[in-house]
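J.: If you want the building blocks of each chain, they are given just below.
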Amino acid sequence: MKNLLNNFNKAFENRVRLGIMSILVVNDFVDFNRLKEILDVTDGNLASHLKALEKEKYVVMSKEFIGRKPNTKYKVSSAGKKAFEAHINALENLLKGSS
Amino acid sequence: MENKTQYLEDISQIRSMMERSSRFISLSGLSGVFAGVYALAGAFLAHQIINNEIGINYQSKFLNLSSGRLEQLVIIALAVLGLAIGTGIILTTQKARKRGLKIWDKTAKLLTINLLIPLITGGILCLIFLHHGLVGVIAPSTLIFYGLSLINASKYTFTDIRYLGFAEIALGLISAYYVGFGLYFWALGFGILHILYGAIMYFKYER
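Sequence order for the protein chains is A and B.
Every letter in the first sequence is one number past the one before it in UniProt numbering, and letter 8, counting from 1, is 8.
Every letter in the second sequence is one number past the one before it in UniProt numbering, and letter 190, counting from 1, is 190.
Hints listed in this document are in silico derivations from the structure and should not be mistaken for laboratory results.
Here a beta-carbon is modelled for each residue, glycine too, at the ideal position from N, C-alpha and C.
Hints may be right or wrong, so weigh each one.
[Stated by the list, open to error] Chain B side only, calculated, beta carbon under 8 angstroms to chain A, not exhaustive:
| id | residue |
| --- | --- |
| 1 | TYR7 |
| 2 | ASP10 |
| 3 | GLN13 |
Chain B extracted, bound-state conformation (with noise of 0.2 angstroms):
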């Protein structure tokens, strides 16, 4: 009977190797809900700023905002981010650091490149449709390719990130073709959605 529980612990010992050395298991559930409701306080500051301009046609997929509101709404944009990347780094180090692991580690290079990919091109391209003034466009482009980034990434962290990659990008699909509701289906999908996921990963890890 004794070789039985060292049995399990030999399969639990290789278990645990096989995800610690090819998954980033620190990623933190709570920094999704942290970047969810700083999404959804940008969100509602953009809606004011674009409802305060007058004679806007909001269903129109070339918004005509005067240049210093499109630059209030780039401003709080990269806010958001900012805020969101920030707050992810600390809480996800203090969770490295409570379970003794390691944080910059291959599997979270791993991670971070295979983020970054497709995110970089969304990000470029969105650049390219403000240049050319198509904003409508651009709401459903982040959603799509951050649900993109999330289904790249997943195979280097927890499997789950793969179904809200699904459920952005479905997001995003919907979101093109109402064109000019894209402020709604952004604060959903980066708001509702990393509030609920992030605090499903919470419970589900870190509990």
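If we strip away everything but chain A, and leave its shape as in the complex, we get (with noise of 0.2 angstroms):
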């Protein structure tokens, strides 16, 4: 048991950034406004657990303007999307265990 929840990853046990990766590893990109508007959170709340997964490298950030607006948009890492697939598992062998 305790083997398996070290494949759990800490930086996925919000919902909110549980979200935002399994967004980003189906789309090539995705902007700020998109994500909230799928995650239906707030600025405030989403811009916190993007930088968060920014600081563990699993996102990428690049900013670019479109006119004069200043778009966001966030795409997965390499390193993101291996963590995440290892969550994945991680919480499937731990139901397959259980059950």
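Taking the hints as your guide, dock the two standalone chains into a single complex.
T.: This is the structure in structure tokens:
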């Protein structure tokens, strides 16, 4: 049991972060507003979770301008993809083991 | 044990986020049924018009209709298309609103663009055929290009659309071999298949 929990990634314990990663792994890149729309969270909440994931180097941010408006886009890094897959596998194994 | 339900919720959250961010899931099945009904009505009207024309050779790939009749057929086709798209937009908007989802989001745009690429190609090709009087190959072409459109769009909505696409292509190819029976294949592909598929989608996802 201990072993299984070791594979659990602390960075993904939060639902919003789990949501962010789920969205990013199936899309090339997603901008801030689109993430906000799908996850239905506040600006501040989303920003802080994105920053945390950035710090772990799981997501990469890039800023660009559409006309004059700044547009912040996010995409998942390869490290993030690997970590997320490991997390899902751990979830799966845990559920299989306990049923 | 409490942890287990939490993990299950985690997984369902992951699945829902992946789906909601990459696929347009508000597409209404009922709109398919309506499109099919309009198509059948249109095909029936077209059949009446063609039958009224005396002395035409129904088997010929060069259907010689008087220009007025041809215009009537084109108007029927456009009316069917307009009604089908209109009903589709209304029902899909309703479905999205009921679920509290945004209608014109990125997935909707991707779906529309990818649907339109083969569809417009086929549409232009059919206009060129029409210009050359090759009426017999128009029905097969619309079926084939519509099938390709569905397959192309299936990555951005319910994957079930893909199988409808395969069915339309198969029907189109058979219809291309039996030139002259285009209207029947057309009624089958756009009418019956739409009603069938719309009903399946409705019972699978909306009930």
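J.: All hints are to be evaluated individually against the structure, with a verdict given for each.
T.: Hints versus structure:
1. The criterion of a C-beta within 8 angstroms of any C-beta in chain A is met by TYR7 of chain B, whose closest approach is roughly 5 angstroms, and the hint holds.
2. With a cut of 8 angstroms, the hint placing ASP10 of chain B at the interface with chain A holds, because the nearest CB-to-CB distance is about 6 angstroms.
3. Because the closest C-beta pair between GLN13 of chain B and chain A is about 6 angstroms apart, less than 8 angstroms, the hint holds.
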